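Work the whole structure out from these sequences, hints included.
Each chain, letter by letter, is given below.
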Amino acid sequence: MYSIDDSENPQNRAFIFRFLSPAEVKNVTMLSTKDGDEIYLFMPAFKKVRRIAGSSKKEKFAGTNFSFGDFSGGYSKDDYEASLASEDDQNYVLDLKPNDPDTDYSKLIMTVDKEKFYFKKIEFIDLNGNHWKVLEVQEVQEEEDGTITILKMTFQDLKDNTRSYMEMGSVEKDIELPKNFFSVRTIQRPEL
Amino acid sequence: MKQVQRFLLIIALLFLVTSGIFAADINGEVKTFGSYTFGTGNFEYGSSLQLTYNPSLSSEYYLMVDTTLKYQSDDNYSPIRINELYLQGVATPSEDIDFKLGYLHLTWGASDAFSPVDNLNPRPFSQSISGDALDEKIPVLALNAEWYMNPTWSMEFVYQPEFCSNFTPDYVEQLFFGNQLAPLLGVNPQTMQIQIEKESPDVDFAQPIWGIRARGKVGSIDTAFSFLKGYYLSAFPYQTDITLNTDGSSSVLAKMGYPEKSVLGAEFQGEIPGIAGVTFRADFALFIPEQWSNQIATHSPDGTTSFTTVDVFDEMYWKASVGADYTAEDNTYYNLIYLLGTPYEEGKDVSSYLFLRLEKPSPDNKWKPFLNSILSLEDGSMINIIGTDYKPKDNWTVTFSYSVSSGPATSMLSMAGDTLSLNVKHVF
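Protein chains in written order, with this note's numbering: chain B, 169 to 360; chain A, 15 to 442.
Treat the hints as calculated values from the structure; they're not laboratory data.
Just so you know, these numbers come straight off a predicted model, no measurement behind them.
A few of these clues could be false.
The calculated EDC-like cross-link candidates involving lysine to aspartate or glutamate, where the alpha carbons are at most 20 Å apart (straight line), are [said to hold, decoys possible]:
#, chain 1, residue 1, chain 2, residue 2
1, B, K216, A, E150
2, B, K347, B, D174
3, B, K194, A, D408
4, B, K215, A, D149
5, B, K347, A, E160
6, A, K45, A, E58
7, B, K216, A, D149
8, A, K243, A, E213
9, B, K194, A, D80
10, B, K216, A, D339
11, A, K439, A, D80
12, A, K439, A, D403
13, B, K215, A, D80
14, B, K289, B, D263
15, A, K374, B, D328
16, B, K216, A, E170
17, A, K243, A, D218
18, B, K327, A, D378
19, B, K215, A, D236
20, B, K216, A, D126
Shown next as C-alpha cells:
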C-alpha cells in the first residue's frame, strides 16, 4: 500500500492498495484519489480498470469488514464535529458526529491515547443508536518525529458477527515516488 | 463410460500437476465444469488448468506467459491454449510510454457486458452462457503501446499484422447458415448439404489491422474515444451456389469472407449526479462496414438457374451497451444494462436486450446467490439464470446454477434450453 496524506489539503489524499494474497484476489489493485471521491479497481483477470462510485464508500471492500471509505477517508477533523465525552488517566473519549448527511453512522466514539495522541478504538453507532462496528488498534509504531503508524488492527461487525484483521508488514515514510504515481496507469503495472 | 473415465483421469492429472506447482512463482487455476441441458439431454463437461507466469526481467521489462490446458466434451477450440504471451515494457522506451508486444488480449470498453467497442480479439465458440465462457478470448499477435501525454490523457495504439477469426465449429456454422437460407428457398434446413469455403483477408505488416484510442477525463467522467480499422471476426457469405434436387434435398456451396469494417467508439464511466452510489458505464460504437452482398445462384431440377442478391452490409449501424450498477446498504448488488446488439449480431440483425444481474452475498461472504436475466426487447424471449457461488474456503469457489429460457422457438435466447450447471474452481 502506498499513500499520500496532506492534512493541509485533504483533496490531495490518495492511496494505492494491492492484494498479494489470497490467490483469488492477487494483484487486484485499488486507487483512491481526491480523498476517496474517485476510486478505481484494476482486476488483472478482466484486464481493465473499473470505476467505483466515490459515494459508494460504504460498500465492503473485497469481502472484508472494511469499507472503501475506511481505507480512503481517514478520520479527518473536517468530517466530524468532535466533543469530549469523558477522560481517564490514559485516554480521552470523543464523540464524533459526522458532517456528511449521507453517512450510515449517527456518531463515532473514538478512544484516543492521551500520551501518544492516536486513536486506539473507534465504535461506530448506527442511525438507530446501536453499536454496529468496532475498530481496534492492536499494535503501533512510534516514529522518530513522534508520529504514530498503525501496524495491526481489527474491524468487527457486531451485526454480522464477522471480523477482519489488517497487518502492515513494514512501513516506510517520506519515500520519493515518481511523478503522477497515484494514477490509473500505475495500478495496471505488474509491479508497483 | 470411456469418456467419463478419461474425464476423471484428466481431473486427477490436473490436481497432481498443480500440487507440485504451488511452491513455484506461478499462479493459476484449476476448473472443472459440467452442465446438463433438459430437452436435448446434452451433457457437456470438461476441466482446465490455467497457469500464469509473470516474472520481471528488469525494472522496465516483464514477461507474461499465460497458458491453458483444457479438455471439454464438445467444441473444444484447442486442448492447449496460449492465452497470452508477451513482453511488457513499463516507462520505456520513454518515461511516458508503456507497451506490450506478443500474443495479447486487448480489452476496450467500460461496460460490464458485451461492450461493442471490444472488437480486437476473436472468441472461441461456447454453448455455455456462463460468465467464464463468455469472457474467453483468442489472443492476437499485436503491438499495444500507450503514450501518457499528460496526467489526464493518454493515447493507445494497436498494430496487428495478423488476422485471426472467431472459432466456430463447422456444424454450428452450417446450422446457422442453413437456417438463414431455408426461408429464402422454402426448403427444410435439415435436408441441406452445406459446404463452406472461407477466405481470410490480406493482413500483414504492410496492411495491418490498427486502432487508436484516447483515454482521459471530461469533467469527472472517465472517457475514451477510439477508432479501429479491421475486419469482422466472423465470416459472411459473398457467393452461394444452391442445387435443388428432385427428391427435395439441396446442396449448397457457400464462399465466405470477412468484410472490412471501421469502428468509431466512445466509452464513459462515472457517477450519476444526485444518485449516491450509482456508477454508470456506457459504450457506443458506430460500425462502418464495406458494402457486402451475397450473390445466390439457385439451380433448379428442371435445369434453370435463378440469381438473387442479398445485401449483407449496405449501411453503417450502431451498437451500444448502457448500464448502471449500485450496491445497496444491505450489500445487494444491482447491475442493469441496456444492450443494442450482442457480439453475435451485426448489421440488420442488431436488436435490443435488457440484462440484469443481482447478487446478495451472505454476511460471511461464503454464499453469493445471484440472478442473471437477459430479455430480448424484440421478441420477448428471455434467459433467467438463478444460482449461487459458494466459497467453502479461501481460493475455492463452487458455482451451482439453473437456467431457464423462454420465448418463440426461433429466437436465439429460447434455443439455449433449460440447463443445470455445476462449476468448481480452485485458484492458487
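Review point. Quick check: which numbered hints come out false for this structure?
Key: none
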